[in-house]
Amino acid sequence: MIFKRKNKEKPIKANREIMTITCIFAALFIALIGYIAYFTAFKSDVFINNTYNNKRAGLLAEKIVRGKILSRDGNLLAVTGEDGEGNEIRNYPYGNLFAHAVGFYSKDNGTIGIEAVTNFKLLTSNDIITERLSNDVNGRKNGGDTIISTLDIGMQEAAFNALGDRKGAVIATDVTTGEILALVSKPDFDPNHIDEIWDLVNEDKDNSPLLNRACQGLYPPGSTFKIVTALEYIKENPDPYGYEFDCTGSFEYEDVKINCYHGQPHGHLDLGSSFARSCNSSFANISSMLDRKSFGETCDTLLFNTDIPCPYSFKQSGIDISGDSDAADVIQAGIGQGKTQITPIHMNMITSAIANDGILMKPMAILEIKNIRGGLVKHYDKKEYARLMSIDEAHALKDLMRGVITNGTGSRLKDTNGYEAAGKTGSAEYSKDKTKSHAWFTGFAPLDSPKIAVTVIVEGGGSGGETAVPIARTVFDEYFQR
Amino acid sequence: MVLIFSVFSKYILTFLIAVYSIQCFSVFRHREEKERDGIYLWQNIAMSLIYLISFLTLYLNTKDADLLNFYGLTQLILWAVILLYRFMYPEASKLLVNNMCMLMSIGFVILARLNFAKAKKQFIVALISIGMAIVIPYILKKFKRLRRFYILLAAAGIGALVFVLVFSTAINGSKLNIKIGGVSFQASEFVKIIFVFSMAGILTCMKSKYRVLTATIVAGIHVLLLVASKDLGSAIIFFIVYVIMLFVATGNLLYFIGGLLGAAVSSAAGFELFSHVRVRVEAWRDPLSNIDNSGYQIAQSLFAIGTGGFTGLGLTEGAPERIPVVEADFIFAAISEEFGVLFGICLILICVSCFVMFMNIAMRFNDMFYKLVAVGLAATYGFQVFLTIGGVTKFIPLTGVTLPLVSYGSNSIMVSLIMFSVIQGLYISVRSSNDSNEGSEV
Chain W
0 MIFKRKNKEK PIKANREIMT ITCIFAALFI ALIGYIAYFT AFKSDVFINN TYNNKRAGLL
60 AEKIVRGKIL SRDGNLLAVT GEDGEGNEIR NYPYGNLFAH AVGFYSKDNG TIGIEAVTNF
120 KLLTSNDIIT ERLSNDVNGR KNGGDTIIST LDIGMQEAAF NALGDRKGAV IATDVTTGEI
180 LALVSKPDFD PNHIDEIWDL VNEDKDNSPL LNRACQGLYP PGSTFKIVTA LEYIKENPDP
240 YGYEFDCTGS FEYEDVKINC YHGQPHGHLD LGSSFARSCN SSFANISSML DRKSFGETCD
300 TLLFNTDIPC PYSFKQSGID ISGDSDAADV IQAGIGQGKT QITPIHMNMI TSAIANDGIL
360 MKPMAILEIK NIRGGLVKHY DKKEYARLMS IDEAHALKDL MRGVITNGTG SRLKDTNGYE
420 AAGKTGSAEY SKDKTKSHAW FTGFAPLDSP KIAVTVIVEG GGSGGETAVP IARTVFDEYF
480 QR
Chain B
0 MVLIFSVFSK YILTFLIAVY SIQCFSVFRH REEKERDGIY LWQNIAMSLI YLISFLTLYL
60 NTKDADLLNF YGLTQLILWA VILLYRFMYP EASKLLVNNM CMLMSIGFVI LARLNFAKAK
120 KQFIVALISI GMAIVIPYIL KKFKRLRRFY ILLAAAGIGA LVFVLVFSTA INGSKLNIKI
180 GGVSFQASEF VKIIFVFSMA GILTCMKSKY RVLTATIVAG IHVLLLVASK DLGSAIIFFI
240 VYVIMLFVAT GNLLYFIGGL LGAAVSSAAG FELFSHVRVR VEAWRDPLSN IDNSGYQIAQ
300 SLFAIGTGGF TGLGLTEGAP ERIPVVEADF IFAAISEEFG VLFGICLILI CVSCFVMFMN
360 IAMRFNDMFY KLVAVGLAAT YGFQVFLTIG GVTKFIPLTG VTLPLVSYGS NSIMVSLIMF
420 SVIQGLYISV RSSNDSNEGS EV
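Line by line, the protein sequences are chains W and B.
Following numbering that gives the first Met the number 0, the numbering of the first sequence begins with 0 at its first residue and continues without gaps.
Following numbering that gives the first Met the number 0, the numbering of the second sequence begins with 0 at its first residue and continues without gaps.
The set of hints was computed from the structure by calculation and includes no laboratory data.
Worth double-checking, as some hints may not be accurate.
[To be verified] Among the chain B residues that face chain W by a calculated CB cut under 8 Å, a handful are:
no., residue
1, Arg35
2, Ile150
3, Phe302
4, Thr306
5, Phe309
6, Gly343
7, Val351
8, Met362
[To be verified] Pair ranges (Cβ atoms, derived):
no., chain 1, residue 1, chain 2, residue 2, range
9, W, Gly109, B, Ala17, 34 to 40 Å
10, W, Asp107, B, Phe115, 28 to 34 Å
11, W, Asp107, B, Asn68, 38 to 44 Å
12, B, Gly219, W, Asn201, 55 to 61 Å
Even glycine gets a Cβ: it sits at the ideal position worked out from N, Cα and C.
Using the sequences provided together with the hints, build the complete structure.
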């Protein structure tokens, strides 16, 4: 033989190497098992509730009666009953009121709202085991679990009625817990008849009644964005209150010209009065001075261009500010015009964080899950989502937003009964026709230790101060007058 | 009543497989094979009960009497395999025999539930393969000069891969199969075993000056041919097996680290060069955003695993047929959906126990050739299990390989059974030689 075995001359036990390899594989498999357990325990919800997974929901529905959805104080918002022929039907006792907040469930047309988010939880029965066995033996369906939502009927009604027949959205949240108390989007529909009206509402592209405008409607933020611009200015300048500007009704920078609302000059301004009176020229001036890279980073921190912690289906808000941006684009963005788009619920989150000393609580729509007998299955605790700004920055913005009410565009929230509000108005142009604008308001109350944040948008509503502020006031009044 | 049975049976099944898989590891506490016999018997009882309860559940839900015939026949064969090994090869590892039968029986159950015709076909192939494989330990014992033929083995492996690359027609862009006499062969499956033997031969028989270079060239040709066939899963397995065998043969940690770095660099190159690699990585990162195309399989798999939860939906109660190629690459998702994730984790533990046993056998050899063969087969098996389960659970990007002994596939089951028999042959030879030398076991 030409080749002699070498391992006799040089004895290699090699078992140390084999142990090394075995340990590496063991570590790989432990990681794999840990990952699978983690996925199943914490990450599977988003897959389970995906609409593409409807087939499995259908399988569960053959064995389980879909559970109830309740308001926070225990009123029925959705319940499964029977029609005259013994078929299961889903009833919504409040009709249009919770069309988007609770949503609908339809075998043929899918599901939205809390119905969609908790689809599999409603089709899970945590009833006592003996009852489930007895049901199995007798061929009866088990009762699905009950969802207790964070929604408040009084608040929802106040928001719903205040918005009236106008298109838009109203959101009210508890800033200390993240609980969504009211969520209204109009136009709406009656979820009790979703199958009969499906073709009508689904094809109505002009009004899009199925669109949850609060979470999926993307609007130019208009002057409400001055909150972000002001925040960036405060960050960059150690003495922001030394700022001075003389407003002539318009501002020119290179080839951009920015006009104040209806071209009216505001005269001599500091930062507080620029913000309170929502002077476009002054904020265009501020925007032109900002560090664009840092401005872009501040927007990122405030959850632009990324997923927001919204319990409902949502759209990402978009903004385009970076170190490479043109001056013209940044000036437009700084007053909330241009390419910037934001969802009302995102605006509400930024407002909540300002009210809550800079910390955004994770927004939530579900308080508890109980079994059909009322036994607690799961309680959802409030959770900090992220710090969006420092305490000092939040306090500075709070003062600016209070000024809007006391001597600015939000005067319709002055002289309120038993609470002091703060906020920011906006009248966002959305078409070539500069006289048309969406009316915005986003704010919180009480000033000293904020409890709730309310955000309002009325499509084509004109001036935020005139149209949106009174709606917010109705919602604040409802909250503080009981 | 049927529902009660389905509901209860899933808990009992989880309990039984947990008992079984814990015993897989508790045997290592006993040094003497005789002391382990009691445990092996309990394992046999647990696996028979799992098999019985599963088929009873399937029958009660479908009322297909054919299922009971299939159950009876397959159960008899599985028992026969256990007994046959006991009588033909009293020195064989009973743990590996048990695990082999346990994994096959889980495969038969889930295939009978998903597609009864495929379960029958799988059983027939398994039967033929067992018939072939059971003589392997005997052949290995008689044919001790196998190591000298490493050049022939390497040439045969490369030849088979070239043949497939040239003559096969592409399915889904990959050239994997070749039809011979109406039977479809996936060459890379068979070459896996030949490759391990040729590597072991090169690394033990050649002069140390040339062996690392030769091994690298031979392994490189294999891997490149597999990449050219777009069989990336197999290419990765071959590469890892080469790196591990080289490391064990030389004891040089640099080869190991260098090999892993090479794997990382070539993965990155693959990502840049091949669009189908990018598509898979994108599907892995965010399956839900790509659900209408590349992310569909993995999303369906995660729907199944997630909806099944820890305790499963119960046999026949889920919708695993929604997952594409569920019988082969995605079998673990179907098992997790209906038997539950806990059952799935126990299944992983059984596979790990096989891997540990393979390595354990490797460590007992003084003969480097057999040592390397055992290490190579252990790495092939262990890494394939990791790739397939990691892929369907989104732990790593999907590579499209099967779960040995469980997944549907004639080639897969045949090669897996041959691999287990080779290991048995090695175990028998190391036990008989050690017994004569020292009379004790490690």
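Going down the list of hints, with the structure as the test:
1. Arg35: Not OK, violated: B:Arg35 not within 8 Å of chain W, min 20 Å.
2. Ile150: Hint violated; B:Ile150 Cβ to chain W Cβ min 10 Å, cut 8 Å.
3. Phe302: Hint holds; B:Phe302 Cβ to chain W Cβ min 4 Å, cut 8 Å.
4. Thr306: Holds, because the Cβ-Cβ distance from B:Thr306 to chain W comes to roughly 5 Å (cut-off 8 Å).
5. Phe309: This hint holds: B:Phe309 lies near chain W, its Cβ roughly 6 Å from the closest one there, short of 8 Å.
6. Gly343: Status holds, d = 7 Å.
7. Val351: Holds, because the Cβ-Cβ distance from B:Val351 to chain W comes to roughly 5 Å (cut-off 8 Å).
8. Met362: Interface hint status for B:Met362: holds (5 Å vs cutoff 8 Å).
9. W:Gly109 - B:Ala17: 34 to 40 Å: holds (39 Å)
10. W:Asp107 - B:Phe115: 28 to 34 Å: About 32 Å separates the Cβ atoms of W:Asp107 and B:Phe115, which means 28 to 34 Å holds.
11. W:Asp107 - B:Asn68: 38 to 44 Å: Distance hint for W:Asp107, B:Asn68 holds at roughly 41 Å.
12. B:Gly219 - W:Asn201: 55 to 61 Å: Given range 55 to 61 Å: holds, Cβ gap about 58 Å.
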